[in-house]
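Trainee: Spelled out, the chains give:
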Amino acid sequence: MEPTLSQYLLVSGALFAIGLLGVIVRRNLLIIYMSLELMLNAANVALVAMSRFNGNLDGQVMVFFIITVAAAEVSVGLALIIALYRKRQTTDVADLATMKL
Amino acid sequence: MEGTLFNIFAGLTVLSALLVVANPFSRNPVTSALFLVTTMISISGLFVLLGAYFLAAVQILVYAGAVMVLFLFVIMLLDLREAARRKLNLVSLAMGIMAVGALFSVYKSSIESKGEAPQQHEVAADTGQAEAKVSAAHVRLAKRCSAATKDSSCRSRSSPSCCWWRWSA
Numbered sequence: 023m024e025p026t027l028s029q030y031l032l033v034s035g036a037l038f039a040i041g042l043l044g045v046i047v048r049r050n051l052l053i054i055y056m057s058l059e060l061m062l063n064a065a066n067v068a069l070v071a072m073s074r075f076n077g078n079l080d081g082q083v084m085v086f087f088i089i090t091v092a093a094a095e096v097s098v099g100l101a102l103i104i105a106l107y108r109k110r111q112t113t114d115v116a117d118l119a120t121m122k123l
Numbered sequence: 676m677e678g679t680l681f682n683i684f685a686g687l688t689v690l691s692a693l694l695v696v697a698n699p700f701s702r703n704p705v706t707s708a709l710f711l712v713t714t715m716i717s718i719s720g721l722f723v724l725l726g727a728y729f730l731a732a733v734q735i736l737v738y739a740g741a742v743m744v745l746f747l748f749v750i751m752l753l754d755l756r757e758a759a760r761r762k763l764n765l766v767s768l769a770m771g772i773m774a775v776g777a778l779f780s781v782y783k784s785s786i787e788s789k790g791e792a793p794q795q796h797e798v799a800a801d802t803g804q805a806e807a808k809v810s811a812a813h814v815r816l817a818k819r820c821s822a823a824t825k826d827s828s829c830r831s832r833s834s835p836s837c838c839w840w841r842w843s844a
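Protein sequences, first through last, are from chains G and U. Position 37 of the first sequence, counted from 1, bears residue number 59 in our numbering, the numbering being contiguous throughout. Position 35 of the second sequence, counted from 1, bears residue number 710 in our numbering, the numbering being contiguous throughout.
For the record, the hints were derived by calculation from the structure and aren't laboratory data. Every residue gets a Cβ at the ideal spot worked out from N, C-alpha and C, and that includes glycine. Just so you know, nobody snuck in bad clues.
Partial list, computed: chain U residues near chain G (C-beta under 8 Å):
id: 1; residue: G678
id: 2; residue: V696
id: 3; residue: L711
id: 4; residue: G726
id: 5; residue: L745
id: 6; residue: G771
id: 7; residue: I772
id: 8; residue: L778
Just the calculated beta-carbon pair ranges, DEER-fashion:
id: 9; chain 1: G; residue 1: A116; chain 2: U; residue 2: L709; range: 23 to 31 Å
id: 10; chain 1: G; residue 1: V98; chain 2: U; residue 2: E677; range: 35 to 43 Å
id: 11; chain 1: G; residue 1: V83; chain 2: U; residue 2: G740; range: 20 to 28 Å
id: 12; chain 1: U; residue 1: M770; chain 2: G; residue 2: L123; range: 16 to 24 Å
id: 13; chain 1: U; residue 1: S780; chain 2: G; residue 2: M23; range: 22 to 30 Å
id: 14; chain 1: G; residue 1: K109; chain 2: U; residue 2: G686; range: 35 to 43 Å
id: 15; chain 1: G; residue 1: V83; chain 2: U; residue 2: D754; range: 35 to 43 Å
id: 16; chain 1: G; residue 1: G77; chain 2: U; residue 2: M751; range: 42 to 50 Å
id: 17; chain 1: U; residue 1: I683; chain 2: G; residue 2: S97; range: 30 to 38 Å
Covered stretches of chain G (chain U as the covering partner; in silico rule of three or more C-beta atoms under 8 Å from a C-beta of chain U):
id: 18; region: 27-37
id: 19; region: 103-117
Take these sequences, add in the hints, and give me the full structure.
Mentor: So this is what it looks like as structure tokens:
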């Protein structure tokens, strides 16, 4: 049988929750970045499912732009992580607390 | 057939996403990156099931191709073997799982309560009629206001954008 919209939304919600868990729990900057990518992809799945079950292509156009922006964001973010590593020799967020009150 | 494929791709997506975040066997970032590749490929399988063939191809090209190469390049450039040995804080892990689990259960219940859609449509139709009535009343009130007095407070209160939710509720 054909999967319903709520099943797709459930998968998307689970993916978003796992990504959020990674952002909260993990301490490695690179893993946090991968979890952010997971959350972006959860939004993509929800948008494509909505556009399929509503019968228009607006969601797919939105996903196309999200993928473009995410690729640019990854390149900028990884460059920032490399610059931070050259300065501090660490990628652990517990060691990057200079701006903490 | 489509349901089986959906189950396979959805299970693979969620399982490999879990292995990206919390892998019980390996704390190496390279393992996480490779499971992220699996996640992206199974998400593109979901896109194919949804009929978005172009997006499925773009997903594989951009994520499994470009973004993953960047990630692996940075991980191997930084040589993070020392960081892989750190332990997770158990208290923060429990709190994080609780918070995210609560969020997900709220989301899940809100999706499942969408099942009784006809009732909601009726309610929406009712509020639509009520809004139409209220806006007609607004027009009458505004006409009376502008005709009888030049009171600015009366006119501002009669504008439909002022508090339409209170009228329609």
